[in-house]
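2 protein chains.
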Amino acid sequence: MSARILVVDDILANRRLMQAKLEAKYYSVLLAENGPHALEVAHSSAPEIILLDVMMPGMDGYEVCRQLKASPETAHIPVVMLTALSETADRVRGLDAGADDFLTKPVDDFALMSRLNALLRYNAVTNELRQREASGVKIGAFSEDEASTLNRPVNVLVVDTSPYNIKRLRDPLEQAGHRVFTLDQADGLKQSGNEKLDVVLLGMSNQGYDPLRLCAHLRTNDATRALSIIVTVDERDVDLAGRALELGASDVIQQPLAVEELLARIRTQTRRSRYVEILRNRVDRGLELSVIDQLTGLYNRRYMNNQLSLWMKRSSMGGTPLSVVSVDIDHFKKVNDVYGHEAGDRVLKEFAERIMANVRPKDIVCRPGGEEFLVIMPETGGDLACSAAERIRRAIAAETFDGGTRSASALEVTVSAGVATFLGDEDTIADMMRRADDALYKAKSAGRNQVKSLAA
Amino acid sequence: MSARILVVDDILANRRLMQAKLEAKYYSVLLAENGPHALEVAHSSAPEIILLDVMMPGMDGYEVCRQLKASPETAHIPVVMLTALSETADRVRGLDAGADDFLTKPVDDFALMSRLNALLRYNAVTNELRQREASGVKIGAFSEDEASTLNRPVNVLVVDTSPYNIKRLRDPLEQAGHRVFTLDQADGLKQSGNEKLDVVLLGMSNQGYDPLRLCAHLRTNDATRALSIIVTVDERDVDLAGRALELGASDVIQQPLAVEELLARIRTQTRRSRYVEILRNRVDRGLELSVIDQLTGLYNRRYMNNQLSLWMKRSSMGGTPLSVVSVDIDHFKKVNDVYGHEAGDRVLKEFAERIMANVRPKDIVCRPGGEEFLVIMPETGGDLACSAAERIRRAIAAETFDGGTRSASALEVTVSAGVATFLGDEDTIADMMRRADDALYKAKSAGRNQVKSLAA
Chain G
447 MSARILVVDD
457 ILANRRLMQA
467 KLEAKYYSVL
477 LAENGPHALE
487 VAHSSAPEII
497 LLDVMMPGMD
507 GYEVCRQLKA
517 SPETAHIPVV
527 MLTALSETAD
537 RVRGLDAGAD
547 DFLTKPVDDF
557 ALMSRLNALL
567 RYNAVTNELR
577 QREASGVKIG
587 AFSEDEASTL
597 NRPVNVLVVD
607 TSPYNIKRLR
617 DPLEQAGHRV
627 FTLDQADGLK
637 QSGNEKLDVV
647 LLGMSNQGYD
657 PLRLCAHLRT
667 NDATRALSII
677 VTVDERDVDL
687 AGRALELGAS
697 DVIQQPLAVE
707 ELLARIRTQT
717 RRSRYVEILR
727 NRVDRGLELS
737 VIDQLTGLYN
747 RRYMNNQLSL
757 WMKRSSMGGT
767 PLSVVSVDID
777 HFKKVNDVYG
787 HEAGDRVLKE
797 FAERIMANVR
807 PKDIVCRPGG
817 EEFLVIMPET
827 GGDLACSAAE
837 RIRRAIAAET
847 FDGGTRSASA
857 LEVTVSAGVA
867 TFLGDEDTIA
877 DMMRRADDAL
887 YKAKSAGRNQ
897 VKSLAA
Chain B
447 MSARILVVDD
457 ILANRRLMQA
467 KLEAKYYSVL
477 LAENGPHALE
487 VAHSSAPEII
497 LLDVMMPGMD
507 GYEVCRQLKA
517 SPETAHIPVV
527 MLTALSETAD
537 RVRGLDAGAD
547 DFLTKPVDDF
557 ALMSRLNALL
567 RYNAVTNELR
577 QREASGVKIG
587 AFSEDEASTL
597 NRPVNVLVVD
607 TSPYNIKRLR
617 DPLEQAGHRV
627 FTLDQADGLK
637 QSGNEKLDVV
647 LLGMSNQGYD
657 PLRLCAHLRT
667 NDATRALSII
677 VTVDERDVDL
687 AGRALELGAS
697 DVIQQPLAVE
707 ELLARIRTQT
717 RRSRYVEILR
727 NRVDRGLELS
737 VIDQLTGLYN
747 RRYMNNQLSL
757 WMKRSSMGGT
767 PLSVVSVDID
777 HFKKVNDVYG
787 HEAGDRVLKE
797 FAERIMANVR
807 PKDIVCRPGG
817 EEFLVIMPET
827 GGDLACSAAE
837 RIRRAIAAET
847 FDGGTRSASA
857 LEVTVSAGVA
867 TFLGDEDTIA
877 DMMRRADDAL
887 YKAKSAGRNQ
897 VKSLAA
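Protein chains in written order, with the working numbering: chain G, 447 to 902; chain B, 447 to 902.
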């Protein structure tokens, strides 16, 4: 897949060389010759990846990276640092400045292209989420909950056939505050509840299994596909690393392992996957709020109409029955007028809880507005719906409601309910709702605190 | 990237051969030996792509495809049909049954792998959206608006250096009801407003340009990246087709062009890209609703708090001022009590419109609840905020409001407003809101219909 890549290097010949390499693979290339220029282009031209030289006069690569990652407009752009140095300390410094990856000059073409592909895949996922700007989905500030997501302990699964290798990894990881699991402990982790694995550390060289197949398996398995996979390879197995990245590995680290670098790469990968998790949660939470009535937590009118139309279609196709129950609190206006809105709101909330406690999981309880409620009952005929409505009526009348003030601490509340059943293809939402309301009206006129259907 | 692929073929040797090919590339493979079995596996195991043999005893591939595409649970899975036949009529029949692509047996490895990659990329985009289940994002039924999105005329851009080729394509496309543009007309299309290009038809062989570079350019350019790109190649340029798919082309069709096949492929591509458009709109619309007050269309309390915390942070970092104006309708309870809730709601709506007409685009107007409103004014000091609030006050008092009934057709409405300004790092949302409310209280006590800040 093609992409727009920003190349930052103070030496013209280096820029030209990298440009030629990338354009030969049909990437489109932006160029910058120093740090401030790079920051400017990153803001104005929205590159998808930045290749950043470390050693530059004036502002060096570490500082450029720090500034890119500190700005909400550019923080999401993956940065690959390029350096002539291959000291662990330099790599750790780069990763800590927020770099997503690190390549040593002269840059190996195969290594470069497989890194670019892996980063573009990551972009494809986050971009779709980031584009949802409404509702604060775009990451700006983190809430407290989100910050705790970012900072919870990291669970690392170490996959290696040598007990010696596992032990050598376990100690420094645990010292860094991570929790380490091996394959035979992974099931235990799953069973322990809401604990989630973050990173798989996968030994690629000299293993008793085919490491590429395991890598592919982790990526195609629903339970493991969202994990960060860091593979460790011997220096002579560079090709293996490239193929692992192509199959979906998130990062590669070369043996012999430098602990500091390993920890920095785990930090980077964890930050990324938790960032995606936060984006997803923001979108989902936003969508949830759009279908929920804020006072009671029941579904709102919009969702009610969606679901009703969906279930009417299913009922038409599958021939299963469908009913709705319109529920209305008797004389609710009085509660508001006599005891105030706050007492009224408390009654509505408790009312919603009692309904929820008296319906089946498949029933859809909605509050289209005010003191009206509607229960959609899929796969339910009129008689069954009437007895379900009767159960609700009794649950409301059985105990008084607490309006929260002394005078309103034991309010007698009753409801009237009207039941309507779907009549098949020709029926419409409006008609079915009107029949439910007509039945409700019958219940009200007959003295309230009762259930009626039109037939009855 | 690895993936789970379902191979459907009635002949054991064919299944084994395809399985070996795919597993060599580390795909994980599911197998089915007939149509009903394929439908079962597709539902139970959620494959990411289905390779479907056409000629099978009992239920043939066309029928399997139709049933897969008719079921909401499997409709999104790309289907590639495999056949010994290479008649255009068969391909068109497959595409019309909903197939996403077509390969002729014996299957060329390179062609197969590049098609799989292209389809997996498409999956990566749609899966992220499809997973947002709340709020009816998942495609079930289409609304009227959505159906009209699906059925609007298709705008096709034909890119070819030969006027003869262009003419040969234009006629059949226009007869099929599509609208055809050439490169020199593309600008005109852009300027004509909300018209959107759907498909680019890109000649790859014997052109005066580098077709791969153009393909990459279309995919990296913001204005064109979401387009479907169908490339046309000569039979001898199969490699070129594969590379185009790798760079992001959506589909390939071989010269000499069969018009029926071309039209079927355009239908398939357009259906796919509009499907993505509908998914995106559903997510965006859902998110929008979660931050909007349904009565007035202003932002709700949740968004107000988000934005306020965001702008306070920006103000802290950048040193620009920030103010808020708390606005409250004077004696609003009376409107409700005397003229009823409907009149009250009409007043709130018109009130919201007048505020919106009297603020700057960067101001954020919120209705946290009831008759309270809050305007967040980024990059605005206290004095400027006071004059802005004064402008709002005058706009409300200047003309009567129409409550919708004869008795309520000319209501005199006034507002009081309190202004507070951000005090820097130590300041909190709660403190700033309290200061705005204190100022508002001062305005009320001083006789209403006026603006106060705490300092004044």
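Just so you know, the hints here were simulated from the structure itself, not pulled from any lab data.
A quick note: this is a predicted structure, and the numbers were derived from the prediction, not measured.
Worth double-checking, as some hints may not be accurate.
The list treats identical chains as interchangeable, and a pair is accepted whether it falls inside one copy or across any two copies.
Unchecked claim - DSS-like mimics (lysine-lysine), calculated; alpha carbons at most 25 Å apart, straight line:
(1) Lys779 <-> Lys795
(2) Lys890 <-> Lys471
(3) Lys888 <-> Lys551
(4) Lys888 <-> Lys780
Hint check:
no. : hint              : in the structure
1   : Lys779 <-> Lys795 : both (15 Å within a copy, 24 Å between copies)
2   : Lys890 <-> Lys471 : neither (74 Å within a copy, 69 Å between copies)
3   : Lys888 <-> Lys551 : neither (83 Å within a copy, 68 Å between copies)
4   : Lys888 <-> Lys780 : within (21 Å within a copy, 34 Å between copies)
In terms of the numbered hints stated before, the structure departs from hints 2, 3, listed from lowest to highest.
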